[in-house]
Amino acid sequence: MTPDLHLWLIPLLPLMGATINGLLGKRFSRPVVSAVALIFSGAALTQAAWIISQYSSLSLPYLQTVAPWLRAGSFQVDFAFYLDQLSLIMLMVVTGVGFLIHIYSIGYMWEDASFYRFFTYLNLFMFFMLTLVLASNYLIMFIGWEGVGLSSYLLIGFWFTKDSAAAAGKKAFIVNRVGDFGFLIALFLIIKTFGTLDFTQLFHAVAPLGIETGGVGVLTAIGILLMVGAAGKSAQIPLYIWLPDAMEGPTPVSALIHAATMVTAGVYMVSRSHTIFERAPIALMVVAIIGTLTAFFAATIGVTQMDIKKVLAYSTVSQLGYMFMACGVGAFSMGVFHLMTHAFFKGLLFLAAGSVIHAVGGEQDMRKMGGLRTKIPWTFWTMTVGTFAIAGIWPLAGFYSKDAILFRALTSPYGSWIYWAVGLLTAFITSFYMFRQWFMTFFGEYRGEADGGHDEHSSANHGHPDHGHGHGGVHESPMVMVVPLVILAILSFTGGWVGSERFDKFLAPVFHSANDAPAEILVGESGADKGAPSESMLAVVSVGVALFGLFLAWLLYVKSPNLPQQIASSMSGLYRTVSHKYYIDELYGWILIKPLVSVSRDVFWQGVDKGVIDATLDGSAEGANDVSDTVRHMQSGNLRSYAGWVAAGAGVLIFFMVWLGTR
Amino acid sequence: MIPLSFYLILSGILFACGVAGFLIKRNIITIFMSIELMLNGVNLSFVAFAAQWHELRGQIFVFFVMVVAAAEAAVGLAIIIAVYRTRETLNVDQVNLLKL
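Protein chains in written order, with the working numbering: chain A, 1 to 663; chain B, 1 to 100.
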């Protein structure tokens, strides 16, 4: 018997926290603000944990309708929440990592003038993210989808007095609009074709349909449009450009929103819609190609970045590419597996990077770091775990999930050796740039300025120059920041031990229920071993590749630190192109923004708005003015002229009467 | 018997003189007298018609007009005196405070 889970309470708890802090936070002291934020996000985590503890007695999927919402003929949408294994995992990731980052933020943001505002936004984000995850239909999901976009905008532009932060927030918001447009069109297509947005009903209606082969059917169109939405939210080609800029936000935001949770919403949405994608091979191929390209492309940019957070940003884009690659080859559960492990280790890496930035007083340029290993041991060791995990070295979490994705990319019926090869190459590059970062930050000599030089925190020039630097020298972060790091490090270490097999089995009710997946897929799954190399062999190869990346990074950044400079100058053209992110931002500026701005200004503003609309109004106003000005002079104040007008009027009247009489 | 038209023509001439005087003259008292002239022009046509049709109503109307004219004369002269006291002039062109 399934107990009443009160799913609606989970998103609502952080919303209450956001409301209390948002309305009253200004009068609260910092401990009260943090207590409110922690209690409500902690309550959501507790409830999620309680649901897990009830797992054995649950009959999933569990549906809870709170209230009816839209009723239009046969089409209806309810406020309803939906829990199955997939949303359960997302629930744990969001509340768990979210709660840890809340704790961390208390330490990181303590000196900030807008302390309460930060936690308001953070709780608001949790509300929307949990709505997204627990939605039982696409429309509720869309509410969460837009809401996380909003909170992301607010948090990226948190230090809004800084121009670049405000601009980055706007960029993220606008680029996301493009993706949301695709998502919305997909929803309209779904309504038109199936007449429902409810997951259960929709997938029930889709299930009997066969695979769309040859040509493009409506499912393919829906799939591709959904992928456009996912590409916007999850920063995939061609809409990834907002994520690196989003690093303008405070580091805990980068960890929570732009690494662990929000950006994975696209992966979640694609996985949730797997019934549609499985019947649209072309859409699946689009997903896989976009994912693979993004993974590789972003990784190469990551190699040349000097900003510690930018490296992690591109690495996030790249890892999200892996997840889409997994979804694209039909291995949705592996995508979600990587989503989970990635949430652990990327959240850890960002928080550790924040700790490093905190330690060196706001410096983000890795060229000015180095030798921090002994000075901030906790940060160093936790970051080491994160780095080894993302590089995919056994037995850390990243190894299991990445390896599973590569294996499926090669053996799945939708897979191809190309995906595998690019994925492997990307794994090598990932390992290289992550260890490059590791070496540059923690090894060698400290290259930053000595004491006194770090009162200039990244936030120094926006309203709170007192960011925790009443001290000199590099120093370890307070315990409130270290504890979440340690917990995440443990999770990054052990998170993969679940193993892809067991994870797959856990998610099987979602992805492989008999009436859900078309028969061909099931056959393909069981017949996976078509003479392909075994998983363990591939695992050895990918670990080898990761170790080679480690070795190369060591060679270049520890053994002979001058070599990278020489390599960069010997291939200066290529290096410059890559370090300028392939000039993609400039390209978009030329192709999209410039024409848009000039059309808006010259045609719509100067032409239509000023020329037609304003001109009509101004013209009529001016006409009225002119007429009044003429008529005004009749009121001369001269008595005799009034009399003259009366006499003239009387004369006209008389003549008129006479004319009438003689006619 | 003098025909009706003679009276009416005289009445019209009187009225026209009044109008012309009203429009041309600048002195308020002259204007005031022009108004009286117009009223009397009209009175003349009233009595002429009353005599023509053996009707009393025309005569009564004339009495009314005379009463109103007397009252108007009283009020009007008072205003003229007030204007003269404040403005020290009786030229209407200089009494134009109603202008915009």
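No wet-lab data here; the hints were simulated from the structure. Beta carbons: idealized from backbone N, C-alpha and C, even for Gly. Heads up, some of the hints might be wrong.
Some chain A residues judged to face chain B by a derived CB distance under 8 Å, without partners named [to be verified]:
{"no.": "1", "residue": "A49"}
{"no.": "2", "residue": "G637"}
{"no.": "3", "residue": "N638"}
{"no.": "4", "residue": "L639"}
{"no.": "5", "residue": "R640"}
{"no.": "6", "residue": "A643"}
{"no.": "7", "residue": "G644"}
Closer than 8 Å between Cβ atoms is the bar; does R640 (chain A) clear it against chain B? Give me holds or violated. Holds - the Cβ of R640 (chain A) comes within 8 Å of chain B, reaching about 6 Å at its closest.
Hint check, G637 (chain A) versus chain B [nearest Cβ-Cβ separation less than 8 Å]: holds (2 Å)
When the nearest CB of chain B is found for L639 (chain A), is that gap smaller than 8 Å? holds (5 Å)
Hint check: 8 Å Cβ-Cβ cutoff, N638 (chain A) to chain B: The hint holds - N638 (chain A) has a Cβ within 8 Å of chain B, the shortest such distance being about 6 Å.
Chain B contact restraint for A49 (chain A) - C-beta distance below 8 Å: Result: violated, 81 Å to nearest chain B Cβ.
With 8 Å as the cut and Cβ atoms as the points, is G644 (chain A) at the interface with chain B? Status holds, d = 6 Å.
Residue hint A643 (chain A), partner chain B, criterion CB-CB below 8 Å: Check passed: Cβ of A643 (chain A) comes within 5 Å of chain B, closer than 8 Å.
The structure fails to meet hint 1 from the earlier list, while all remaining hints are met.
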